[in-house]
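Engineer: The residues making up each chain are set out below.
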Amino acid sequence: MELTPKAKKTMVTAALIGPAAIWLFVFMVLPFFAILVFSVGERAPAGGYQPAFTFDQFANLGARAAAFVNTLTLAPIGAIACLLIAYPLAYYLAVKVDPRRRLLLVSLVVVPFWTSMLVRTYSWMYLLGARGIPHVLELIGIENVRLINTPGAVLLGIVYGYLPLMILPIFVSLEKLDRRLLEASADLGAKPISTFFNITLPLSLPGVMTGVALVTILLLGEYLIPQLLGGGKVFFIGNALVDLFLQSRNWPLGSAIAVTLVIVVVAVLLISMRIAWRFAGTRQIDLV
Amino acid sequence: MRAFATAVYLFLYAPIALVVLFSFNSGRSASEFVGFSTQWYGRALSNTFLMEALQTSLIVAFVSATLAAVFGTMAAIGLERVGGRTRAVFDGLFAAAIVVPGVVIGISTLVALVQVFSVLNPALAALWPGQAPPQLGLGYGSIIAAHGMFTMSLVAMIVKARIASLGRDIVEASNDLYATPLTTFRRIVLPQIRPSILAGFLLAFTFSFDDFIIAFFVAGSNNTLPMYIFASIRRGVTPEINAVATMVLAASIVMIVIARFLMRDKKTAD
Amino acid sequence: MTKPYRDNLPISADGFMDQFMRLKRGSVSRRHFLGVTGLGLATAVFGRFPGAGQRAYAAGDLGTQMSIATWPNYHDPATFENFKAATGVAVEVNVFGSNEEMLAKMQAGATGWSLFVPTNYTISTYSQLGLIDELDLSQVPNFDPATQSARFTSEGKVDGKTYALPKNWGTTGFCVNTAKLKTPMQSWKDFFEVAQTEADGRAMVHDYQLTTIGSALVSLGFSFNSIKPEELAKAEELLIKVKPHLFAINSDYQPSMRSTDAWLTMCWTNDGAQLNRDMPELAYILGKDGGEIWTDFYAIPKSAPNKPAGYALLNYLMDPQNAVKEHIANGAPTTDSRVIALLPAEITSNKIVYPDEASLTPLEFGAAVTLTDPGRAELMARFKSA
Chain A
1 MELTPKAKKT MVTAALIGPA AIWLFVFMVL PFFAILVFSV GERAPAGGYQ
51 PAFTFDQFAN LGARAAAFVN TLTLAPIGAI ACLLIAYPLA YYLAVKVDPR
101 RRLLLVSLVV VPFWTSMLVR TYSWMYLLGA RGIPHVLELI GIENVRLINT
151 PGAVLLGIVY GYLPLMILPI FVSLEKLDRR LLEASADLGA KPISTFFNIT
201 LPLSLPGVMT GVALVTILLL GEYLIPQLLG GGKVFFIGNA LVDLFLQSRN
251 WPLGSAIAVT LVIVVVAVLL ISMRIAWRFA GTRQIDLV
Chain B
1 MRAFATAVYL FLYAPIALVV LFSFNSGRSA SEFVGFSTQW YGRALSNTFL
51 MEALQTSLIV AFVSATLAAV FGTMAAIGLE RVGGRTRAVF DGLFAAAIVV
101 PGVVIGISTL VALVQVFSVL NPALAALWPG QAPPQLGLGY GSIIAAHGMF
151 TMSLVAMIVK ARIASLGRDI VEASNDLYAT PLTTFRRIVL PQIRPSILAG
201 FLLAFTFSFD DFIIAFFVAG SNNTLPMYIF ASIRRGVTPE INAVATMVLA
251 ASIVMIVIAR FLMRDKKTAD
Chain C
1 MTKPYRDNLP ISADGFMDQF MRLKRGSVSR RHFLGVTGLG LATAVFGRFP
51 GAGQRAYAAG DLGTQMSIAT WPNYHDPATF ENFKAATGVA VEVNVFGSNE
101 EMLAKMQAGA TGWSLFVPTN YTISTYSQLG LIDELDLSQV PNFDPATQSA
151 RFTSEGKVDG KTYALPKNWG TTGFCVNTAK LKTPMQSWKD FFEVAQTEAD
201 GRAMVHDYQL TTIGSALVSL GFSFNSIKPE ELAKAEELLI KVKPHLFAIN
251 SDYQPSMRST DAWLTMCWTN DGAQLNRDMP ELAYILGKDG GEIWTDFYAI
301 PKSAPNKPAG YALLNYLMDP QNAVKEHIAN GAPTTDSRVI ALLPAEITSN
351 KIVYPDEASL TPLEFGAAVT LTDPGRAELM ARFKSA
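Residue numbers (full-length UniProt numbering), protein chains in the order written: chain A, 1 to 288; chain B, 1 to 270; chain C, 1 to 386.
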């Protein structure tokens, strides 16, 4: 039997998209559906899950209010702290630095990603611990400073871990900037500072938006940094989730929190796309 | 400005420098430098658990990144051929896969797999003709699948962006010259999207190799390297871990340099 | 159904029916999962990976690897190397921070462990949930019930059947850096007071409901095992008040105590002995007002992928010659008189390892109900997320 060209084309298309579709269905849609089912269930008497149909778990979300508050404050604060450090560096790399050295310097921003995140965080555990910076401070007479296991340590770990993710999109948007605009502005007698605020900054906003949205969204699900640098005292939603599945074994409540977290993440994404559209004139948040 | 940049680089590299430094510690601890020695490299290489974890991580990262690159690219190309609505659905799915936190991916995949296994295993045992029915369980497969789901979406988005920026005219010209679609793909499209596929593969590999939280939930009895390191942090780290981290860092720098070299070569050739 | 076939089933016939009925009741999820045709592919992928579901079938065939779930710093690393040399089986070690975490992993399904180390109060729950098998003692000839001290080992039996064999017993006290803290401490009441004053920012409590809530209860004059809501409410009040003063909530306190980041921590015998051995200024103290006494056991999960190797390792560890090395390395006291006979005097006379009978009297064994009580689980979670 001879296939019509159209049928053949459809089959090829299906063969191209099929594997991805199946994969996404089995390992994303289905698991999400599973936690949705779990989230309306009950905690079994010995812990775990037993089937039920109740919205008690969602009514009980308030029991983890502190984790939500922690996450929803520290994530944007962390993203902004990243931005404050990343922007000047990205500007330096895109505008000021000798173009021949640019590639090397930008690569150097990426290299830390190639060492284990855990090992780097462990290194901070040492630096912030009694034998690290506090020890140095002791030598100059400042005694008993405690840095590790504080919100400040978690914030530092966040900035350290996510800084490259903030630098890159801003760098890209600044690099794309048309230099002639800057020259024209200078020719028209604008001071460098007003050129920056009237031209450079507005034109780099898409990069800034991408960076802030990306870092905030990733931080909403953070587990390791608060665990390792917060000593179990600074609690994110991610930590609450791990705890609910592995310690208190209240899987339905854990599922309800996971579902809520996904909703929060999607909401943050949509809101930032909205803001990006309004202020930067682009609807696009480049996630990759 | 320059001083600020230097300070940021110092901030980025001080902890890494410390990791490398302590890998050469002759003492037992990863936090008190006693003297210079390379003994921990030898110990790390002969520590079967550490090496097994490294091997697991390499296999998982390589297989999941390869599958992600292949299927992600196929999907990106295939989606060029479908209507706007299908494309929008997949764009949404890819974006969702990327923004859903790892901890949620880990937990939900575990929950779903366990349910699936508890149905399939008895069914399999009942239907199996031989004496020893296979048992489905968590292991390499589950980590690869969960990592690949996420990284495939990453690859698809990167390659799609590249395809969108390609000129249509060159493809049409090729078709006008009676090239078959396959030839057009091989000779025209593929060379242009190859760098994005490679970039996607590298990103996928890096993500998978470094992921802790997804593997923490969906791994069976095999530890990945990050899982091994996490367990070591609980026990108290020895410079063995630093030695492995240093070797991984060195290997990745070599890989970056090679990748840069290959890409630059391409650029000048074009 | 032929006999060998049934032996190869992952769960017993009863367990299977039970599972099946549960799925029927919770059929919402099952329908959807079953309806997915793509799973056939996943089946093929998962089934083929070694270690994903491999089992040794003939008794005596030990395979080449197994994995054990245990506690951090709990074994002599040489033990597993020697076992590998003797049997060819490599042992993968997974460490945990609490019994709850072990139970959660088991409840979540295939863990891949062929041997694990649960604490006394959890064993009845594991057997009720059908997660562990009755042990076949004929495969553990090195175990001798006659040389065991019944005070510590009775909870290995449920309804007269042996589900677990003892590894060692121990106590939960606290460890103090006496170079940093000068206030003399003798009780859990002292512990929580000093944690808020002299040791402000330097004290650690476990990330473990049993000991953290239990010790808080003891300091208030209640039972370590209380699940009475009004007593738990008082304990919660205390813990929340102490939390801002704590260095960390973490069961892995050895690194922090050694680096002197922390000066005071809840502590188990074996860690206390190890810390004190390396740093004599780290003292180990038992609460005069109470606290925990415990026994850790070896048990074999029902889902164990390599039971022959699990039994082989269990039998190996029950050999007094091997057990004594474990004892010397980890510092927790033995339940086996054959092992005591082999110990050097400096260990048997070590008051951290073998305390006076008088100091053991106020201590309580953990009660099974604390493992599954939702009130305690939720209290711990509130304390951590507060």
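FYI, nobody ran anything at the bench for these hints, they're computed from the structure.
Incorrect hints may have been included.
[Stated by the list, open to error] Each computed EDC-like pair below joins lysine to aspartate or glutamate, with the alpha-carbon atoms no more than 20 Å apart: (1) A:Lys233 / C:Asp144; (2) A:Lys9 / B:Asp176; (3) C:Lys84 / C:Asp319; (4) C:Lys182 / A:Glu143; (5) C:Lys180 / A:Glu138; (6) C:Lys180 / A:Glu143; (7) A:Lys233 / C:Glu364; (8) C:Lys182 / C:Asp200; (9) A:Lys9 / B:Glu52; (10) C:Lys84 / B:Glu80; (11) C:Lys189 / C:Glu81; (12) A:Lys9 / B:Glu80; (13) A:Lys8 / B:Glu80; (14) A:Lys6 / B:Glu52; (15) C:Lys180 / C:Asp159; (16) C:Lys243 / C:Glu231; (17) A:Lys233 / C:Asp319; (18) A:Lys6 / B:Glu172; (19) C:Lys228 / C:Asp319.
[Claimed, not checked] To give an idea of the chain B side of the interface with chain A (calculated C-beta under 7 Å), a few residues: (20) Val63; (21) Gly83; (22) Val114.
Ideal Cβ placement from N, Cα and C applies to all residues, glycine included.
Engineer: Taking the hints in turn, state whether each one holds.
Structural biologist: Status of each hint after checking the structure:
1. A:Lys233 / C:Asp144: Roughly 45 Å separates the two Cα atoms, so the pair is violated.
2. A:Lys9 / B:Asp176: holds, 18 Å
3. C:Lys84 / C:Asp319: At roughly 15 Å apart (the allowed maximum being 20 Å), Asp319 (chain C) and Lys84 (chain C) satisfy the hint.
4. C:Lys182 / A:Glu143: holds, 17 Å
5. C:Lys180 / A:Glu138: holds, 15 Å
6. C:Lys180 / A:Glu143: With Cα atoms ~13 Å apart, Lys180 (chain C) and Glu143 (chain A) stay inside 20 Å; holds.
7. A:Lys233 / C:Glu364: violated, 28 Å
8. C:Lys182 / C:Asp200: holds, 13 Å
9. A:Lys9 / B:Glu52: Violated: Lys9 (chain A) and Glu52 (chain B) sit about 46 Å apart, past 20 Å.
10. C:Lys84 / B:Glu80: Between Lys84 (chain C) and Glu80 (chain B) the Cα gap is close to 56 Å, so the pair fails against 20 Å, i.e. violated.
11. C:Lys189 / C:Glu81: violated, 43 Å
12. A:Lys9 / B:Glu80: Holds, at roughly 12 Å.
13. A:Lys8 / B:Glu80: Holds, because 16 Å separates the two Cα atoms, which is no more than 20 Å.
14. A:Lys6 / B:Glu52: Roughly 50 Å between the alpha carbons, so the hint for Lys6 (chain A) and Glu52 (chain B) is violated.
15. C:Lys180 / C:Asp159: violated, 49 Å
16. C:Lys243 / C:Glu231: holds, 18 Å
17. A:Lys233 / C:Asp319: violated, 42 Å
18. A:Lys6 / B:Glu172: Holds. Lys6 (chain A) to Glu172 (chain B) sits at ~19 Å (cutoff 20 Å).
19. C:Lys228 / C:Asp319: violated, 43 Å
20. Val63: At 13 Å from the nearest chain A Cβ, Val63 (chain B) fails the 7 Å test, so the hint is violated.
21. Gly83: violated, 10 Å
22. Val114: Cβ of Val114 (chain B) sits 9 Å from chain A, so the hint is violated.
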